[in-house]
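Peer 1: The primary structure of each chain is shown beneath.
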Amino acid sequence: MKIHEYQAKVLFKQYGIPIPTGGVAFSSGEAKKVAEKLGRFPIAVKAQIHAGGRGKGGGVKLAKSIAEVESLANKIIGMTLITHQTGPEGRLVKKVLIEEGLNIEKELYLSIIPDRATAKIVIMASEAGGMDIESVAKETSEKIIKAYINPLIGIQPFHCREIAFGLKLNPSIIKNFISMLNSLYKLFVEYDCSLVEINPLVITVEEILIALDAKINFDDNALFRHKDILEYRDIDEEDPLEIEASKFNLNYINLDGNVGNMVNGAGLAMATMDTIKLAGADPANFLDVGGGASAEMVENGFRIILNDKNVKGILINIFGGILRCDVLAKGVVEAAKKADIKVPVVIRMEGTNVEEGRKILSESELNLITALDMKDAAQKVAQIVK
Amino acid sequence: MSIFVDKNTRLLVQGITGKEGMFHTRQCIAYGTNVVAGVTPGKGGKKMDNVSVFNTVREAVDKTGANCSLIFVPPPFAADAVLESVDAGIELIVVITEGIPVMDMMKVKNYMEGKKTRLIGPNCPGIITPGQSKVGIMPGQTHKPGGPIGVVSRSGTLTYEVVHQLTQRGIGQTTCIGIGGDPVIGTNFIDCLDTFEKDDETEGVVIVGEIGGTAEEEVSEFIAKNVTMPVVGFIAGLTAPPGRRMGHAGAIVSGGSGTAQEKITVMKENGINVCENLGTLGELCASVF
Numbered sequence: 001m002k003i004h005e006y007q008a009k010v011l012f013k014q015y016g017i018p019i020p021t022g023g024v025a026f027s028s029g030e031a032k033k034v035a036e037k038l039g040r041f042p043i044a045v046k047a048q049i050h051a052g053g054r055g056k057g058g059g060v061k062l063a064k065s066i067a068e069v070e071s072l073a074n075k076i077i078g079m080t081l082i083t084h085q086t087g088p089e090g091r092l093v094k095k096v097l098i099e100e101g102l103n104i105e106k107e108l109y110l111s112i113i114p115d116r117a118t119a120k121i122v123i124m125a126s127e128a129g130g131m132d133i134e135s136v137a138k139e140t141s142e143k144i145i146k147a148y149i150n151p152l153i154g155i156q157p158f159h160c161r162e163i164a165f166g167l168k169l170n171p172s173i174i175k176n177f178i179s180m181l182n183s184l185y186k187l188f189v190e191y192d193c194s195l196v197e198i199n200p201l202v203i204t205v206e207e208i209l210i211a212l213d214a215k216i217n218f219d220d221n222a223l224f225r226h227k228d229i230l231e232y233r234d235i236d237e238e239d240p241l242e243i244e245a246s247k248f249n250l251n252y253i254n255l256d257g258n259v260g261n262m263v264n265g266a267g268l269a270m271a272t273m274d275t276i277k278l279a280g281a282d283p284a285n286f287l288d289v290g291g292g293a294s295a296e297m298v299e300n301g302f303r304i305i306l307n308d309k310n311v312k313g314i315l316i317n318i319f320g321g322i323l324r325c326d327v328l329a330k331g332v333v334e335a336a337k338k339a340d341i342k343v344p345v346v347i348r349m350e351g352t353n354v355e356e357g358r359k360i361l362s363e364s365e366l367n368l369i370t371a372l373d374m375k376d377a378a379q380k381v382a383q384i385v386k
Numbered sequence: 387m388s389i390f391v392d393k394n395t396r397l398l399v400q401g402i403t404g405k406e407g408m409f410h411t412r413q414c415i416a417y418g419t420n421v422v423a424g425v426t427p428g429k430g431g432k433k434m435d436n437v438s439v440f441n442t443v444r445e446a447v448d449k450t451g452a453n454c455s456l457i458f459v460p461p462p463f464a465a466d467a468v469l470e471s472v473d474a475g476i477e478l479i480v481v482i483t484e485g486i487p488v489m490d491m492m493k494v495k496n497y498m499e500g501k502k503t504r505l506i507g508p509n510c511p512g513i514i515t516p517g518q519s520k521v522g523i524m525p526g527q528t529h530k531p532g533g534p535i536g537v538v539s540r541s542g543t544l545t546y547e548v549v550h551q552l553t554q555r556g557i558g559q560t561t562c563i564g565i566g567g568d569p570v571i572g573t574n575f576i577d578c579l580d581t582f583e584k585d586d587e588t589e590g591v592v593i594v595g596e597i598g599g600t601a602e603e604e605v606s607e608f609i610a611k612n613v614t615m616p617v618v619g620f621i622a623g624l625t626a627p628p629g630r631r632m633g634h635a636g637a638i639v640s641g642g643s644g645t646a647q648e649k650i651t652v653m654k655e656n657g658i659n660v661c662e663n664l665g666t667l668g669e670l671c672a673s674v675f
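Sequence order for the protein chains is P and X.
Counted the way the working numbering counts, the first sequence spans residues 1 to 386.
Counted the way the working numbering counts, the second sequence spans residues 387 to 675.
If you're looking for bench data, these hints aren't it; they were derived computationally from the structure.
What you were told as hints is all true, and nothing was included just to trick you.
Below are the PhoX-like pairs computed for lysine-lysine, each with C-alpha atoms no more than 20 Å apart in a straight line:
{"#": "1", "chain 1": "X", "residue 1": "Lys429", "chain 2": "X", "residue 2": "Lys405"}
{"#": "2", "chain 1": "P", "residue 1": "Lys359", "chain 2": "P", "residue 2": "Lys380"}
{"#": "3", "chain 1": "P", "residue 1": "Lys120", "chain 2": "X", "residue 2": "Lys493"}
{"#": "4", "chain 1": "P", "residue 1": "Lys247", "chain 2": "P", "residue 2": "Lys2"}
{"#": "5", "chain 1": "P", "residue 1": "Lys64", "chain 2": "P", "residue 2": "Lys37"}
{"#": "6", "chain 1": "P", "residue 1": "Lys168", "chain 2": "P", "residue 2": "Lys146"}
{"#": "7", "chain 1": "P", "residue 1": "Lys32", "chain 2": "P", "residue 2": "Lys94"}
{"#": "8", "chain 1": "X", "residue 1": "Lys495", "chain 2": "P", "residue 2": "Lys120"}
{"#": "9", "chain 1": "P", "residue 1": "Lys37", "chain 2": "P", "residue 2": "Lys61"}
{"#": "10", "chain 1": "P", "residue 1": "Lys186", "chain 2": "X", "residue 2": "Lys493"}
{"#": "11", "chain 1": "P", "residue 1": "Lys120", "chain 2": "X", "residue 2": "Lys501"}
{"#": "12", "chain 1": "P", "residue 1": "Lys33", "chain 2": "P", "residue 2": "Lys94"}
Construct the complete structure from the given sequences, taking the supplied hints into account.
Peer 2: As structure tokens, then:
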């Protein structure tokens with residue numbers, strides 16, 4: 001789960017991690033109020049969306065007067081911000097963060113992530129702050145300092161020293177840096193984060209450390225034990241069809257094509273999408289209906305897929321194993337009737353009673369086409385949407 | 387011979403009295419797995435069909451000699467269930483549970499280092515040596531006993547599809563292992579390929595991977611150096627959009643790394659026969675094996 005920069009900074013503040021003075025604003029009037037409390041210029045007006053590259057996209061501006069804060073806020077709130085991370089359709093900006101400007105001396109990079117290969121928590125730091133870390137990692141990976149931490153013992157003073165000395169920090173700053181790093185690690189662990197990133201971590205001319213940007217992602221699997229974080233969820237940043245699907249516990253991702261598909265199992269669902277593409281058509285979605293294939297699940301799946309007006313044909317691929325295909329077939333026929341499906345549906349089922357299942361489908365008066373295997377299924381549906 | 391589970395496996399099921407636990411324990415017993423005990427705290431002394439239920443893993447092991455555990459415990463309590471089995475000396479733990487917090491699994495994995503217990507999963511369908519022992523939720527009848535091909539996969543139903551295509555062509559399986567779809571797992575591809583290579587009965591392996599992480603790249607390099615058997619590989623997710631979690635917690639392309647295309651390229655570079663269209667996997671296997 002992602003949150004906005006201004007929300008991440010609320011958490012940073014809770015943990016004593018230094019951030020610029022400022023506040024969120026949902027209108028130019030609110031922006032003015034926040035700016036008036038800051039007292040000095042420049043003041044930054046920053047679009048709040050769940051994507052990076054906001055500066056390059058024109059969503060981060062500096063104002064030299066209260067009037068400019070207001071006009072910039074007016075311009076940015078309501079704009080469709082396009083960055084290299086939003087896709088060409090961009091994201092609608094509904095709020096901005098108003099912050100004091102800083103006298104930047106140096107920009108560092110600092111992040112914490114779990115390392116899946118070693119099962120350790122990794123702290124990554126670099127003097128190349130304010131830049132795209134992926135390019136830094138690709139071109140000059142030796143510039144990135146890493147410390148691998150065993151979660152059973154947690155961050156130790158020597159880890160902090162490795163990072164601090166690796167960054168060649170001024171001795172006067174090291175103590176504050178280490179204190180901040182300890183707090184950041186504590187936040188990461190206590191909130192079950194999947195990413196905590198400060199880019200850039202600024203050292204000001206006055207030799208003060210400040211997190212100019214803040215990014216926190218949370219492990220979805222751990223949200224059950226962080227109900228307070230759930231309140232930070234921004235529905236506006238999510239696809240409405242995907243929100244709808246999650247209400248039915250369906251794993252759905254909206255894509256650009258016109259072949260709707262419904263599969264039981266994430267790996268098989270991905271492979272089915274791939275097979276559709278290889279057959280010359282484009283998947284309209286990813287939809288994993290999970291382990292228990294049932295009539296109700298199929299009906300919900302149909303509804304979600306059909307909400308996407310691009311869909312011209314549907315492929316159902318259910319590998320049940322123990323699943324009784326005649327029972328599923330009856331369910332599919334019922335569901336198709338209830339959902340009033342007008343597009344052709346290709347169904348491939350594996351399990352017990354496969355032949356009975358196929359018979360039920362072909363004897364229904366609906367446009368339900370049976371497929372023998374994955375190759376057959378993909379070819380049939382590709383033909384339909386051509 | 388097969389790997390990790392066989393007719394000597396004495397299985398205990400943690401979470402045996404829950405809906406999933408009961409259903410799948412019955413399926414395993416019907417397949418012929420030797421289920422010797424179940425554990426559900428508070429239900430000790432009861433029976434699930436003919437299986438005795440205990441309050442703790444330690445008691446179950448003492449009374450029945452169980453050496454393998456299959457875990458159906460819900461996410462908030464699953465890591466604790468694993469640790470309990472580790473401390474009770476269980477040799478193989480298979481975790482079906484999906485949704486365990488990453489931090490919990492990282493701690494478990496670090497704790498298990500150096501211990502004799504092997505962990506498979508979590509978020510996996512389990513492991514089966516067809517004809518001998520089914521420790522998981524996979525459809526037994528889809529599998530064909532007798533080998534000679536091993537299968538190792540990050541998926542559930544995709545694995546069954548692959549096995550189905552092998553069985554349809556008369557190609558039997560020695561052992562099929564689902565290593566799971568989570569980012570932090572107990573047993574990885576390299577562990578399985580290493581063990582398959584040393585297994586007399588396994589003469590070839592199918593690897594089923596997907597987007598996210600670098601496990602397929604790492605095992606490809608391992609195979610080039612250490613594995614003499616032919617290997618077929620399949621990667622799901624060529625069409626997955628970047629930055630999105632595709633169902634499995636570990637199936638995410640982040641920062642440009644973990645793409646299906648990269649995995650396919652590295653596999654090919656290391657001599658693995660890559661199937662790029664799942665519809666034709668069976669044909670490829672028939673020609674390679």
